[in-house]
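A.B. asks: Sequence:
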Amino acid sequence: MADEEEELNPSQLGTKEYWDNTYKEDLQTYKDSGDVGEIWFGEVNMNRIVKWIKKSPQISSNSSMLDLGCGNGMLFITLECDILDLANSELSGLKFDVCFDKGTYDAISLNPQDRTKCRAAYIQSVSSLLEDKGVFMITSCNWSKDELLKQFEKDFVLRDELPTPSFTFGGNSGNTVTSLVFNKRT
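Just so we're aligned, residue 1 is where the sequence shown starts under UniProt numbering, counting upward by one.
Hints listed in this document are in silico derivations from the structure and should not be mistaken for laboratory results.
All C-beta atoms, glycine included, are put in the ideal place defined by N, C-alpha and C.
Keep in mind that the hints are not guaranteed to be accurate.
[What the hints assert, rightly or not] Here are the computed lysine-lysine pairs in the DSS-like style, where the Cα-Cα straight-line distance is at most 25 Å:
1) 95 to 154
2) 133 to 51
3) 31 to 55
4) 55 to 24
5) 133 to 16
6) 54 to 95
7) 184 to 154
8) 154 to 117
9) 54 to 117
10) 117 to 55
11) 31 to 95
12) 145 to 55
13) 51 to 145
14) 145 to 184
15) 150 to 133
16) 31 to 117
17) 184 to 51
18) 55 to 16
19) 51 to 24
20) 145 to 117
21) 54 to 31
22) 51 to 31
23) 184 to 54
24) 133 to 54
25) 51 to 95
26) 55 to 184
27) 95 to 24
28) 54 to 24
29) 133 to 145
[To be verified] Per label pair, the in silico range of CB-to-CB distance:
30) 43 to 185: 28 to 34 Å
31) 171 to 16: 35 to 41 Å
32) 12 to 57: 38 to 44 Å
33) 168 to 28: 39 to 45 Å
34) 142 to 94: 23 to 29 Å
35) 28 to 173: 38 to 44 Å
Model the full structure from these sequences, guided by the hints.
C.D. replies: Structure, rendered in structure tokens:
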């Protein structure tokens, strides 16, 4: 990313109203048919995250975890975690060992209202929610590894990069998604 930060084009996908309506419809579909709906970035990417977590010596079955913007909650269901709905709870003072993001930062980056400020507030919130040296895992379809490193480097240090599918087009190479593991700086 250049010194001047690149902005994504604003979209309704960056609004709370869009996601409230989407998940209201998804919940009704689940009640009607039992269909869990979209698994963001697919089961392959979700399983890659689960596999990394299960192998990590820093994460145990007793680790406290927060799935930011959890969508339909399939990540935690797959991990067989105890689930607590914090949607309408005050998180002040709560600290977690691990925070996950599969697309929430992407959605915030598309907010039509001051995306730069929204991203900075998001990063600060994640940092304040994590224990010292806590783990932050982010999967993004909008930002490259280098872009995410630049945006998160003040509060986080890169620990690992999960392998994701790559492609080459027009002489340029890239990944369909970027999946990084950070530790909170202390």
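A.B. asks: If a hint holds in the structure, say so; if it does not, say that too.
C.D. replies: Going down the list of hints, with the structure as the test:
For a cut-off of 25 Å, the pair hint linking residue 95 to residue 154 stands: about 19 Å separates their Cα positions. In summary, the hint linking residue 133 to residue 51 is supported, as the alpha carbons are separated by about 20 Å, within the 25 Å threshold. Between residue 31 and residue 55 the alpha-carbon distance is near 35 Å, which puts this suggested pair outside the 25 Å criterion. Using a Cα cut-off of 25 Å, the hinted pair residue 55 and residue 24 is violated, with the two alpha carbons roughly 35 Å apart.
Restraint check for residue 133 and residue 16: the C-alpha separation of about 30 Å exceeds 25 Å, so the hint is violated. The straight-line distance between the Cα atoms of residue 54 and residue 95 is roughly 21 Å, inside the 25 Å bound, and the hint therefore holds. Taking the CA atoms of residue 184 and residue 154, the gap is about 9 Å. The hint holds against a cut of 25 Å. Proximity of residue 154 to residue 117 is assessed by CA-CA distance (about 15 Å); at most 25 Å being required, the pair is judged to hold.
Distance restraint check for residue 54 and residue 117: the Cα-Cα separation of roughly 34 Å exceeds the 25 Å cut-off, and the hinted pair is therefore not satisfied. About 35 Å separates the Cα atoms of residue 117 and residue 55, which puts this hinted pair outside 25 Å; it is violated. Distance hint between residue 31 and residue 95 is unfulfilled; the C-alpha atoms sit about 33 Å from each other, more than 25 Å. A distance of roughly 22 Å separates the Cα atoms of residue 145 and residue 55; the hinted pair therefore holds under the 25 Å criterion.
With a CA separation close to 20 Å, the supplied pair residue 51 and residue 145 stays within the 25 Å bound. The suggested pairing of residue 145 with residue 184 holds, with an alpha-carbon distance near 17 Å, which does not exceed 25 Å. Between residue 150 and residue 133 the alpha-carbon distance is near 19 Å, which keeps this suggested pair within the 25 Å criterion. For the hint linking residue 31 to residue 117, the alpha-carbon distance of about 37 Å lies beyond 25 Å, and the restraint is violated.
For the hint linking residue 184 to residue 51, the alpha-carbon distance of about 21 Å falls within 25 Å, and the restraint holds. Restraint check for residue 55 and residue 16: not satisfied, since their Cα atoms lie roughly 34 Å apart, outside the 25 Å limit. For a cut-off of 25 Å, the pair hint linking residue 51 to residue 24 is broken: about 30 Å separates their Cα positions. Proposed proximity of residue 145 and residue 117 is supported: the alpha carbons are some 21 Å apart, at most 25 Å.
This hinted pair does not check out: residue 54 and residue 31 have alpha carbons roughly 31 Å apart, beyond 25 Å. Distance hint between residue 51 and residue 31 is unfulfilled; the C-alpha atoms sit about 30 Å from each other, more than 25 Å. Of the supplied pair hints, the one linking residue 184 and residue 54 holds, its CA atoms being roughly 20 Å apart against a limit of 25 Å. A threshold of 25 Å between alpha carbons decides the hint, and for residue 133 with residue 54 the separation of about 18 Å falls inside it, so the pair holds.
A hinted pair counts as satisfied when its Cα atoms are at most 25 Å apart, and residue 51 with residue 95 qualifies at roughly 23 Å. Taking the CA atoms of residue 55 and residue 184, the gap is about 19 Å. The hint holds against a cut of 25 Å. The straight-line distance between the Cα atoms of residue 95 and residue 24 is roughly 28 Å, outside the 25 Å bound, and the hint therefore fails. With a C-alpha separation of about 32 Å, the suggested pair residue 54 and residue 24 falls outside the 25 Å cut-off, and the hint is violated.
The straight-line distance between the Cα atoms of residue 133 and residue 145 is roughly 20 Å, inside the 25 Å bound, and the hint therefore holds. Checked against the hint of 28 to 34 Å, the C-beta distance between residue 43 and residue 185 comes to roughly 32 Å, which is consistent with it. Under the hint 35 to 41 Å, the C-beta atoms of residue 171 and residue 16, about 39 Å apart, fit the expected range. Between residue 12 and residue 57 the Cβ separation comes to about 42 Å, which falls inside the hinted range of 38 to 44 Å.
For the pair residue 168 and residue 28, the supplied restraint of 39 to 45 Å holds, since their beta-carbon distance comes to about 41 Å. One distance hint, 23 to 29 Å for the beta-carbon pair residue 142 and residue 94, holds here, with the actual separation near 28 Å. The supplied range of 38 to 44 Å is met by residue 28 and residue 173, whose beta-carbon atoms lie about 41 Å from each other.
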